[in-house]
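Here the protein sequences line up with chains A and B, keeping their order. 429 is the number of the first residue of the first sequence in this note's numbering; add one for each residue after it. 111 is the number of the first residue of the second sequence in this note's numbering; add one for each residue after it.
Keep in mind the hints are simulated off the structure, nothing from the lab. Misleading hints may appear alongside valid ones.
Calculated cross-link-like contacts (lysine-lysine; reagent style PhoX-like; alpha-carbon spacing at most 20 angstroms) [to be verified]:
1. A:K458 x B:K639
2. B:K326 x A:K455
3. B:K114 x A:K455
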Amino acid sequence: MTELKFVFGDPHICTGCMICVNVCSMKYSKVIGPQWSRTRSVRIEPGLDFPLFCRNCEDAPCMAACPNEAISRTSKGVVIVNNKKCTGTGECVDACPYYAIRLHPDSGKAIKCIQCDACVDRCPVSAIWVTTESELNKRDSDGRLAALYEKHSAELYSKEEI
Amino acid sequence: MMLKGIGGEILWVDMARGTIEKHPVEDDMVKEYLLGAGYLSRVLYDAIPVGIDPLSPKNVLGIATGLLTGSMFPQASRHVVAALSPLTDIWGESHAAGFWGAELKFAGYDAIIFTGASSDPVYLNIHNDNVELLDASEIWGTDVFETDDWLRERHSKRARNLSIGQAGENMVRFAAVMNDRDRASARSGLGAVMGSKKLKAISVRGTGKLEVADPKDYLKHMDIFYERMLANPFTKERAKYGTTNLVELMNHIGRLPSYNMRQGVFEGFEKISGHTITEKHLVKPRSDWSCLQRCGRYTRVKEGPYKYIGGAPEFETQSSMGSRCGNDNLESVLYGHHLANMYGMDTISLGATISWAMEAWDEGLLTSEDTGGIDLSWGNHATIVRITKMIALREGFGDVLAEGSQRAAGIIGRGTGKFVMTVKKQEIAGQEPRAQKSMGLAAVTAARGADHLYAFPVLDEAGFDKEIRERFGEQYLPEMADRLDPTYKGIMVKECEDFMVMVESVGLCKYGTQIPPEFYYDDVALALKIHNGLDLSREDLQAIGERIVNLNRLFNAARGVTRSDDQLPERLTKEGAPKGPSPGQVVELDQMLNEYYEQRGWDLDSGLPTMDTLKRLGLEKEGESILN
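The shape of chain A in the complex, shown without the other chains (with noise of 0.2 angstroms):
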């Protein structure tokens, strides 16, 4: 199998514009809403924005925690919900580590990052990229990145943002 992809985004160049955020809404539930929205962007003080992506866990603990099966992993890799068969239980949510599935407001069903791009490819700034492990250790070889999203992952992860 080909290395799983996520999209990942360096909170020392993301400037919080919400771009990406907006963008996600608008193309897939044509709304303006941040919790429409399948990515999440959480500034902290001082001078550190996060954009937040699904991480494409290799264990995904949100296929495993769904009693209705409704989450798969297609051929490609990218982690879906079968719409059809999600009945909004939540449990997905409470398994995933990263907060990146959640319920949509509208319908209750399990909404994540697919790694369709359109917020990459609109990024102002190029803060996000598609990116694998690997890659990522290589870009990261200083372990910035990692040591930052470390630092505050108990900010970026809580649940209780509302």
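Add chain B to chain A, keeping to what the hints say.
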């Protein structure tokens, strides 16, 4: 008609009774005034009585988002604050970017109007449908950053907060309304109005959505707007320097106010320049909601007495706390801006007031007896930082300067008034008008007193011949594009004002609409159509802008403003620029004003709108009550 893409409701908060009402946005009002600045111009015209003290409970404070605030249009982040100004005693209006405006929309509201005053400190907490006034005694006395931290801890980590700092509480006459920590509705002293109402903050958490009028093609249109914005050569420059490199550009044309406003060139400009900031202090550029220009600077001073990290500065501060005070110590300028954000003050009036005192000191008219031993020599950066804090807290001589330069000169007397660089009691911003005549005219015609942004007539600044040709016509070239030629500047300022107040009413930024002049009426009309479902032509939007400017003028006319108030300090109209690239230049104000009034359909003697003009704009009723 049901408007799309907005919150839908206006909050009316009675601060005395502690009651809150929700009213729907009225379509008829939107067709005549849009939202944002236009909406407030109408509501506050009706709500604020003539003859009141701006710091009394009778003043009414409005905060409004624009029709496109929270949309995906480039730079659609803005909100407007307005009230009777405690600095100028006339129309007070100020704008800021950030995320607060979009968050208000997601909570379901487009504007908030505050009447009366509370007897105890309170803050307004908005969480979608739930809106309540809460006790602010724990945060009264804290700065803007502490208030933001407290509100996030108390309510939601993701809340967007707007507040005053100590300067607003102490009713410093140029106190700002701050939001998202370092964004400022700085001018007109509206933070003092919040302070007078004992309103510390507005915390907003909105988790709703904006449904747009044309969801099918929305993204397609936005892609074109984004491409245009990113392809504009100014965007790259703006992202790299923000507004900071205007120091070197303005020094080059002699438009950098220095030593109060004695001259337009500063020998120490390189030390406080955008290049120096970018090289030594820039952490990263920061954006506001849907912003592709990213002019916001996030900077730091790593060590020493001026150590900080945060959002700063703008060109205006480099000018006001730097060159204008003869100060080439960059770290103090950056730290001064940081302090102004923290205490919540307008850096323009702050620096300009300090520089007035420095010139009076230099002339021997102000002594250490007045200042309590503080040395106000040009460039004394320790004084600039120290006095900033004293002004915010109204300590010692800071209490005098907290009144703004014109009132302070009234208190001190001894001929210090001739160094006051104000129009209608508000300090002139960082555009030495002898080197750009349109800016001199714009400063006197602006409704809120001296101001570069009401018209923002920058088309003669940097070779925008093409845009002048498109927006005005070939017949105005080359004169209109020549910053030293007063010809056609009345025409330019009038058109720019109409356009800019319209832009402030839809919630867009002047960056992207005026500099660079990428988006114009037709683009805004398209955005209003696909986002709000509003069908307004270019002519409709122009008429709305003109209506707002005229209503602002009537608001001021009711408070006694006439042509005799549309004046610059004599230095700028009578004393030739002493040095630099525009030597000997003065502002030919009367010539430009005549052209401007003519263009507006205003009476040349009184400087007030004629009844014919008001009838054309549907303001005859207002005109009859004021002009007769």
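Hints and how they fare:
1. A:K458 x B:K639: Given that 20 angstroms is the threshold and the Cα spacing comes to 16 angstroms, the pair holds.
2. B:K326 x A:K455: Holds, at roughly 9 angstroms.
3. B:K114 x A:K455: holds (18 angstroms)
Hint violations for this structure: none, all hints satisfied.
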